[in-house]
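A.B. asks: These are the residues of each chain, in order.
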Amino acid sequence: MTGKIPRPDMTVKIGSLTLENPVLTAAGCFGFGREFAEFLDLNSLGAIVVKGTTLRPRGGNPPPRLGEVPAGLLNAIGLQNPGVDRVMAEELPRLKGLKPPIIVNVAGETPEEYVETARRLALSPPAAALEVNISCPNVARGGMAFGTCPLQVETLVRAVRQVFPRTLIVKLTPNVTDIRETARAAAAGGADALSLINTLTGMAIDIEGQVPLLANVTGGLSGPALRPVAVRMVWQVAETVDIPIIGMGGIASAKDALEFLLAGASAVAIGTAGLVDPSVFGRVQAGLEAYLVHRGIPRLEEICGLARRNWKRNMPAKQVRENG
Amino acid sequence: MFEQRRGLVLSHIPLGEEYRELTVGAEGMAAARPGQFAGLKVGKALDPLLRRPLSIYHQDRGTGALHFLYRVVGQGTRLLSGLKEGDEVDFIAPLGRGFSLEGLSPNTRALLVAGGVGAAPLYFLAARLREKQVPLTFFLGGRRAADLAFRGRIAAALGEDLVIATEDGSLGRQGLVTGPLQEFLDEGPGREACRLFACGPAPMLREVARLASVGGAIPLQVSLEARMACGFGACLGCVCPASGGDAPYRRVCTEGPVFFAGEVEL
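Chains as they are written, first to last, in the working numbering: chain P, 1 to 324; chain B, 325 to 590.
If you're looking for bench data, these hints aren't it; they were derived computationally from the structure.
For each residue, glycine too, the CB sits at the ideal point set by N, CA and C.
Misleading hints may appear alongside valid ones.
[As the list claims (entries may be wrong)] Simulated DEER-style distance windows between Cβ atoms:
{"#": "1", "chain 1": "P", "residue 1": "Pro111", "chain 2": "B", "residue 2": "Ala571", "range": "23 to 29 Å"}
{"#": "2", "chain 1": "B", "residue 1": "Gly427", "chain 2": "P", "residue 2": "Pro111", "range": "22 to 28 Å"}
{"#": "3", "chain 1": "P", "residue 1": "Val211", "chain 2": "B", "residue 2": "Ala479", "range": "22 to 28 Å"}
{"#": "4", "chain 1": "B", "residue 1": "Ala571", "chain 2": "P", "residue 2": "Gln162", "range": "45 to 51 Å"}
{"#": "5", "chain 1": "B", "residue 1": "Gly427", "chain 2": "P", "residue 2": "Ala290", "range": "40 to 46 Å"}
{"#": "6", "chain 1": "B", "residue 1": "Lys368", "chain 2": "P", "residue 2": "Gly83", "range": "37 to 43 Å"}
{"#": "7", "chain 1": "P", "residue 1": "Leu40", "chain 2": "B", "residue 2": "Ala469", "range": "33 to 39 Å"}
[Claimed, not checked] Not close to chain B: a few residues of chain P, all C-beta gaps over 12 Å, as computed:
{"#": "8", "residue": "Gly15"}
{"#": "9", "residue": "Ser16"}
{"#": "10", "residue": "Lys51"}
{"#": "11", "residue": "Glu112"}
{"#": "12", "residue": "Glu239"}
{"#": "13", "residue": "Ala307"}
[Said to hold, decoys possible] Rough simulated footprint, nothing fancy, chain P against chain B, three-plus residues with beta-carbon under 8 Å:
{"#": "14", "stretch": "333-342"}
{"#": "15", "stretch": "370-384"}
{"#": "16", "stretch": "439-452"}
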């Protein structure tokens with residue numbers, strides 16, 4: 001039989017959102033989209049996840065905020081952002097009318113701040129979804145502190161859930177002993193989906209100056225160096241909860257993205273790689289599509305978690321129980 | 325505006341032990357302004373991950389080709405130095421806010437103060453000032469003659485308008501480059517006609533700023549360096565402390581790298 005092979009269906013569902021393709025931007029690596037509009041058509045993205053937004057403006061951490069490590073980046077930006085009111089007045093209106101849904105990453109120092117920020121964003125139609133950031137390693141209070149205690153995670157997510165009626169995503173930190181516990185807690189609190197992982201806390205020392213490389217001393221490790229940790233956590237969480245996962249952590253190619261999807265993610269986000277090469281979003285989308293076409297798979301969602309299913313089929317039951 | 329593209333290495337010339345002049349084809353690219361920079365990917369591998377921000381040293385009028393003068397200091401620039409004629413380079417350019425030439429005329433005098441390879445953006449500026457017939461003096465300093473091994477092109481273009489100082493006295497005047505600058509300000513034409521431009525190590529910039537502010541302030545623009553991840557304003561990684569204004573920090577990549585002295589803490 002000859003004929004044109006139909007293009008695979010790349011759509012994915014996250015909460016009540018239907019995304020045209022599974023490639024998202026990772027919060028904090030895409031600003032509010034303005035800068036990247038120079039390089040790519042923002043309408044080509046699956047969804048746009050914008051910079052971490054807090055109730056009040058935050059100036060961020062003192063410099064140096066960046067350190068380069070092998071195949072990775074350490075950062076301690078400190079959630080610099082203009083505050084939710086200015087984000088709603090100045091940034092979100094500019095993104096209105098774009099095809100991809102806008103997902104606002106929300107951070108805070110206290111549960112009340114998260115809730116109030118979410119309450120205000122509920123009034124801003126361009127904010128199609130929230131990504132609750134309980135995983136920022138670079139702020140003194142809040143952020144990751146909430147994200148490591150399952151009980152606090154559940155309470156916080158439930159409180160935000162009550163004030164934000166649209167899609168609610170919770171971004172988990174990898175800086176925990178067992179990410180399945182916080183994943184379960186977020187799902188129990190009412191999350192529609194999970195994002196994982198945020199950066200892994202790390203540090204580097206300047207051996208010439210004999211001081212820490214970052215003014216904040218510690219920072220978040222991102223980039224390809226992080227990826228195996230992220231794939232492992234997506235695998236574990238996919239087995240634990242039945243809500244969609246947005247996988248991220250060092251994705252720089254379609255091959256990388258496929259690892260996350262096969263491990264159980266429904267969509268992927270690209271962060272650090274986009275800072276270095278803004279064309280990566282298009283390349284990953286094209287590569288995913290080519291992978292499906294090459295294998296005659298009509299819909300992307302068929303490969304989500306496929307490595308898990310294959311593995312289970314091939315492994316003795318006892319081993320599945322122990323490593324699942 | 326800036327764009328991401330690939331260009332061919334047109335030439336790559338060693339200048340002494342540590343310096344290189346790299347020329348990359350950029351046909352049809354927007355004309356760069358002095359003080360702007362490019363983010364160059366130094367290899368196809370993931371390590372090093374980030375682009376290297378390099379000041380534009382010169383841009384050919386006709387072809388748009390970009391020249392970079394850089395010092396081989398670390399892993400990234402060492403890899404960069406391995407590029408050969410005909411190799412392809414992925415770069416984003418022209419990036420950042422360049423020098424403001426507002427108010428400069430044949431009746432003013434531009435004083436350019438460079439420490440080491442900080443000469444790169446100032447040489448580009450000097451070339452544009454020459455075209456506008458703005459009189460200028462270029463103060464170039466280094467610890468020793470070898471630190472100024474790249475000076476050939478600058479010396480040939482500027483002739484007597486170039487003043488060199490080295491700390492060990494192995495070339496030009498002995499001492500810091502701010503010494504001859506101070507003498508010029510004390511003895512030269514009126515301060516009101518002068519405009520200062522500087523790029524180099526932080527202590528040098530602070531001393532230039534001090535000289536600019538004592539006895540009738542002289543407008544000073546400085547070009548800053550910072551570790552950068554994106555180079556185009558998205559990541560907020562390269563900030564420097566702001567002086568005045570609402571925000572505590574400014575992005576070196578987009579609000580700079582050229583700032584007026586009053587805009588940032590030096």
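A.B. asks: With d taken as the least Cβ-Cβ distance between Glu112(P) and chain B, does d exceed 12 Å?
C.D. replies: 24 Å, holds
A.B. asks: Does the Cβ distance between Lys368(B) and Gly83(P) fall inside 37 to 43 Å?
C.D. replies: Taking Cβ atoms as reference, Lys368(B) and Gly83(P) lie about 40 Å apart, which means the hint holds.
A.B. asks: Far enough from chain B: is every CB of that chain over 12 Å from the CB of Glu239(P)?
C.D. replies: Check passes; 29 Å lies beyond 12 Å.
A.B. asks: With respect to the beta-carbon atoms only, verify the hint that Gly427(B) and Pro111(P) lie 22 to 28 Å apart.
C.D. replies: 54 Å, violated
A.B. asks: Would Gly15(P) pass as off the interface with chain B, using Cβ distances and a cut of 12 Å?
C.D. replies: Non-interface label stands for Gly15(P): nearest chain B Cβ at 26 Å, farther than 12 Å.
A.B. asks: Does the beta carbon distance between Val211(P) and Ala479(B) stay inside 22 to 28 Å, or does it fall outside?
C.D. replies: Roughly 38 Å apart at Cβ, these two residues miss the hinted range, so it is violated.
A.B. asks: Does Ala307(P) really sit off the interface, with its C-beta more than 12 Å from all C-beta atoms of chain B?
C.D. replies: Label holds. Min Cβ-Cβ 23 Å, cutoff 12 Å.
A.B. asks: Between the stretch 370-384 of chain B and chain P, are there enough contacts, at least three residues with CB-CB distance under 8 Å, for the coverage claim to hold?
C.D. replies: holds (count 6)
A.B. asks: The output says Lys51(P) does not contact chain B. Does that hold with a beta carbon cutoff of 12 Å?
C.D. replies: Lys51(P) not clear of chain B: closest Cβ-Cβ about 8 Å, inside 12 Å.
A.B. asks: Could one say that the CB atoms of Leu40(P) and Ala469(B) fall in the range 33 to 39 Å?
C.D. replies: Distance hint for Leu40(P), Ala469(B) is violated at roughly 47 Å.
A.B. asks: Between Pro111(P) and Ala571(B), does the beta-carbon spacing fit 23 to 29 Å?
C.D. replies: With Cβ atoms ~28 Å apart, the hint holds.
A.B. asks: CB of Gly427(B) to CB of Ala290(P), is that within 40 to 46 Å?
C.D. replies: With a Cβ separation near 55 Å, Gly427(B) and Ala290(P) fall outside 40 to 46 Å, so the hint is violated.
In summary, the structure is inconsistent with hints 2, 3, 4, 5, 7, 10, 14 and 16 from the numbered list given earlier, while agreeing with the others.
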